[in-house]
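With chain E fixed as given, assemble chain L onto it according to the hints.
Sequence lines, in order, name chains E and L. All residue numbers for the first sequence refer to this note's numbering, where the first residue is 1 and numbers rise by one. All residue numbers for the second sequence refer to this note's numbering, where the first residue is 1 and numbers rise by one.
Hints should not be assumed to be uniformly reliable.
Calculated lysine to aspartate or glutamate pairs in the EDC-like style (CA-CA distance at most 16 Å, straight line) [to be verified]:
1. E:K782 x L:D66
2. E:K117 x E:D489
3. E:K785 x E:D736
4. E:K782 x L:D71
5. E:K794 x L:D66
Okay, the calculated bits of chain E under chain L, using three or more residues with CB under 8 Å as the criterion [said to hold, decoys possible]:
6. 512-519
7. 779-788
Keep in mind the hints are simulated off the structure, nothing from the lab. Please read all numbers here as calculations on a predicted model, not as lab measurements. Beta carbons are placed, not taken as given, at the ideal position from N, Cα and C, and that holds for glycine.
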Amino acid sequence: MKKFNLLLFLFLISVVFAQEAATISGFVRDDASGEPLAYTNVFVKESNIGSAANIDGYYVLTNLSAGTQEVVASIIGYGMETKEVNVQAGQELRLDFRLKRTVLEGETIDVFGEAQKMRQLVEPSRVTLDMRTLETAPAFVEPDLFRTVQMLPGVQTLNDFSSALYVRGSTPDQNLIMMDGITIYNPYHLGGIFSTFNTDAIKEADFHAGGFPARYGGRMGAILNVINREGNTEKFQGSANISLVSSKILMEGPTPKFMKTKGSWMVAGRRTYFDQIINAFLRGSKETTESGFKFPYYFYDYQIKVNLDLTPDHRLTYSRFYGDDVLEINVSGNEEDYDVYSDYYENRKSRFKIEWPWGNHTNSLTWRWLVSPKLVARSFIASSRYRFHFDMTAQEEGDWRMGSETGTYRDQFSFDFFDIVDDRTLETELSWHGINNHQLMGGAQLKRVNYNLGMEFEFSNLDTTIFLNPLNMKDQTVETSLFFQDKWDVTSKLALQLGGRLMDYSLHDELYFDPRFGLKYLLRQDLSLKLALGRYHQFLTIANPEDETLRIIDFWFGLPADRPATYADHAILGVEYLSEKNWLFRAETYYKHFENLITLKQGELFTEETDQARFTPFNEFDETRAYAYGFELLFKKTAGRIRGWVGYTYAETKRHIEKHGWYYPRYDRKHTLNIVGDVAIPIIKETYFSTALQASSGQPFTPPLGRYEKWNASHDAYMPDWSGYENLLVGRKNSDRLSSYFRLDIGLKQKKQIFRFPYERFIQLVNVTNHVNPLTYQYEEKTNKLTGETLGLKRAAVPMFPFFLTFGYRIEF
Amino acid sequence: MRQFKISCLFLLFWACVADFSPELEWEDVQADHEPELNILGILSGDSLVTSFVRVHRTLRVDEAADILMRDTIFGNVVVSYASRFVVRDAEVTVSSGTKDYAFQFMKSVENDERGNLYETYVYKGEDLNPQPGEKWTLSVTTPGGLSATGETMVPPVPQLNKEQLPDSFNINQTMNITWAAQPDNYQLVNVRNYQSYFFNDDYDTEEGKSYDSCGFWQQLAVSPGDTAWTYRRDICEETVSIGETNDYETEDFLLINLMSMDRNYHNYFLKYGGDGEDEEFSSLFLGQGGSGRSFGIQGGIGIFGSIGFDRHYLPITR
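Just chain L, with the same shape it has in the complex:
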């Protein structure tokens, strides 16, 4: 009995004075990952959208995303950061099966209206013209030994039934937009008013109140075989203007854009990305992540897809 009491007292004392909270033991994360190529390749049959291939690579856990660069320009030291993701010395070849097209690395591309073609590979010639139904392939190799290939089937050119559209669009109108069916391909319809790009699009309908034009901006994902959409501008928000009403009127146009895409493009950007995105991984400490999907790419991750466009615009009337 005495031994029991002494043992308990000792244990109580020990438990009270000792610090048993284990200290965190930090260790470096060792990941058995060899970098691989991460490709974004888009073939476009449209004259306004340039075909391009972005060649990036994955980074190991111990690699920084940016490389510190020091340049001397006109005697001044200029510090900048270059992305380590970008592969600048790859050999990129896109092939139709009968002809190969060598893509060149460009830091930036002239006449790039949206400014999204920088540090990318483009074809400088004029004869790149993918046609619907053609199978195109991609080959990427790097001096470091990384390589990847890709394949895409060019979708049919989308066709809006423009003759069935009205001559103009009234802001309170309901309009049927129709197009030619593509039984094997997804499409995407985007509608937006031109003046919204300049934030110059108040639509006053009542004195003292202005309505946001956001209701023009709408998008519809089109399943294979679908051919019609009833479009109507939404009233998104009502705001009360204090002071003078804005009676400024500017000519405006309703832009309708119909885009066709191959299965790779649809899977990467729509089915598993964008609004349909379903993050594969989420962690309190690491945030969100993914295993790196690939559609149309072998030997690496990313996407090699092809798209087509048809466009129309209508004057907007009030």
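For reference, chain E alone in the conformation it holds in the complex:
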């Protein structure tokens, strides 16, 4: 009781003082572009009052005494700015900063203020990547966000052909991938070789490997929130980029000034060009012109972002992303036949067509309202539509003549396979700094998702049409969430982040509560200890086979009513040290376990209902559970002539299905070492050498052991029958390992100017040592050529990327 009274007294005192104390708040921006500068340290000189700007560049200083104050904004890579202001008691003053970039000759900078982040952020396992970091590592053909994230500790890869993220035992469907807050359901191009994010348009990407706070929910694994650039508020500028795969363009600039509004816009687009080049060559060929053949594949994406400050306190942001992969095949032919003996003549036209687009279309509108200096409201409405639609048609038609008889015919077969996920989200979030040492945040989210998975066949001729619809799964789910979190600076050394997320899933009768706990203790100003605990529920999953080596598309669906919600528990403990020279050292250990997972049964595809065959590949699942634990080291240098990081992970993940028992999934790798570096070459001006080394333990696979006869029973009304058929004998699932993985990539980049426009040219070598990294094994029987007798089995590794070279150019205007 006494403690309660004391707390109440302190609370009342703080409220009283709050009424007397002044508040200074505002935005910190880059002077040249107007982009917000997150994590800028803003403090009052000769006092202990300070704050770090948030992701929008917004800061709040509270509890200021009346009088003259010197307010300082400072972040590495920019010149410090000091402003003297005179505040009255109880005044709420708006004070914005525009900082000028300072770049030392021969040095690169990381503008993220690692020191501020270390002091401000409670949650561990968080890494922020900016465009410079994305360009640090030699890229595979072109810089790619996911391929850079794959080189962080705790992140595993499946193979070279996939940019999907397996984070601390979680599969890609368990990660929440967002662009400007919008969920992206299939963030890949080219079957997973690239991510769907155009790095030129990215301002930063916030990656939480686990233990993320209550404001994020709906996923069990990791969070990757990609924030696009806002656009230059001061002047028009742009860049163009060409690599071996695609060409890109980005343009940005201020919005036209209208009725005192201010704003900016950014448009970025990317498209592959191979199809255009090859088709130009093919147009000259008679055969291809007649058949209509074209190079069948291309991908494109474009993004638009418009920010409009209606007033200093109201900002509207519109964000759009459209990206598609398109496979189109359209060939036709014309043939004539004549048989002299039977006087049979036929004129035949055939056509074969495949149209297969798949991709994401998203739109969002965000309204940010500074209700007061201490209260910020953010409301958001978004739609995200992912679809793939495979449409194949084969048609043959013609006419015939035989003697005096004539006739015509037409046969057509078409096959349609589609999966559409339509996500509509309405969200609102409030951040309040009204209580000393507390940063309160709360909000609500309503997410309605329509799933439509179907398959249709149609056979038709001149007389008859047969239509089959063997797969037709439609569902609508609604997730409603409320969250609350409080970042509490208990003392100058100890900070706690307490929160919870309450969720309702429309197909289930119960409510779900996800508690979240975070702790940070500053052992010294440069050394902190962090802890995170939490539960994470998820209500959707994918029905892709677990063992697929190459994944082109994802089959999303919501958990049905009869399936319990899947969830994972995270426990993370870490220590961080940041040296004076901005060398970051982080060690973390984690444990996760997963419950109520489901794994698609990879067996019977057809079932019979009454007298009709139905193709229902997604209705049979194995109950699955899993656990993952590991230890990670990260050593990162963020400024200076040399930048990059060294990451090491020791990890183990296991899954359990009744028929297999506990086994290692394909993405489990015990040891992983990543070394990424970027160095300015001292003897050649504006030239940078970059390298990325990846080494890891081999992936699990199921080894063949021999052969055996599988017994089969034929049950008959008269007499049963038993027989055996030869079957491959394999070891326990994933009980053996492929050989270990090693790949060294290097790159050279040079910055120049042409007609006063800065441009870059780069050349990159992938897998310099041409190491054979096995994707899987290919098997062949060894047989005696004379007798045909089996002598054994031989295997060869199917290789991933061999050595190859890529190059490209980038120009700014």
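Coordinates of chain L only, in the frame set by chain E:
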């Protein structure tokens, strides 16, 4: 700058002329697998179904499935292949707990109506009579040192409620088939018409059209405790006969077979096999495979199970 340009040109040239596609390096598959016994043992309490044990073994990757055999018969060299899977010199003993029954290896078995008892072990005596509720064991040893044991609990004898069945079955009739419940065991009901074994079963109902009799063939997996099934012949396919209609009529019977089984049998053949099959392993290069399940077998793989039957037949009327 000059060094940069020269380096890039060299790299471009090297990348263009060199063949960097790694050649496939083949290696022999070494598998750390010692062959083990693969048993199919069925104990039957039914007089029409002979109890038997098939003793096979697994093969290593470097072992061929067949052995080339050359025999001289009447002065002629005859070449044949014998299965390497089959173990022909095992000692097979089935025991009721009070008595042991030695099974002998037979190349083929007389009076084997279905011809499925070849290269198998059977008991030649007349006193093998497993009773419901009894626990029977199996012991298999080979001169090569392989051994396995097994255990099965004989299920209750299934009982069709024959008195509740009609005297005959009309092709358009709906019929309730019931049986005595077995609360701890799965059962299987099979229904088929006799003439289908001779492909002699057209059922014309309209001139110019004939209906396949496949609708008679039906099977029902019975969960423990279930006791009834409403049976009706399905029309599977309609085919149009061009030419004369077939008005041939042959006496036909509807065969109803109720089979009880122990848990080993159910798990091996129904839960993890047959229509419920779920292949453990599938690969583009190797095809499908499994780790070799065992139910009722220790020290090896396979199944040692027991079954029982009850049968009934009804004349079919049109």
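**Study point:** Hint numbers not upheld by this structure, sorted from lowest to highest
**Key:** Numbers 3, 4, 5 and 6, in rising order.
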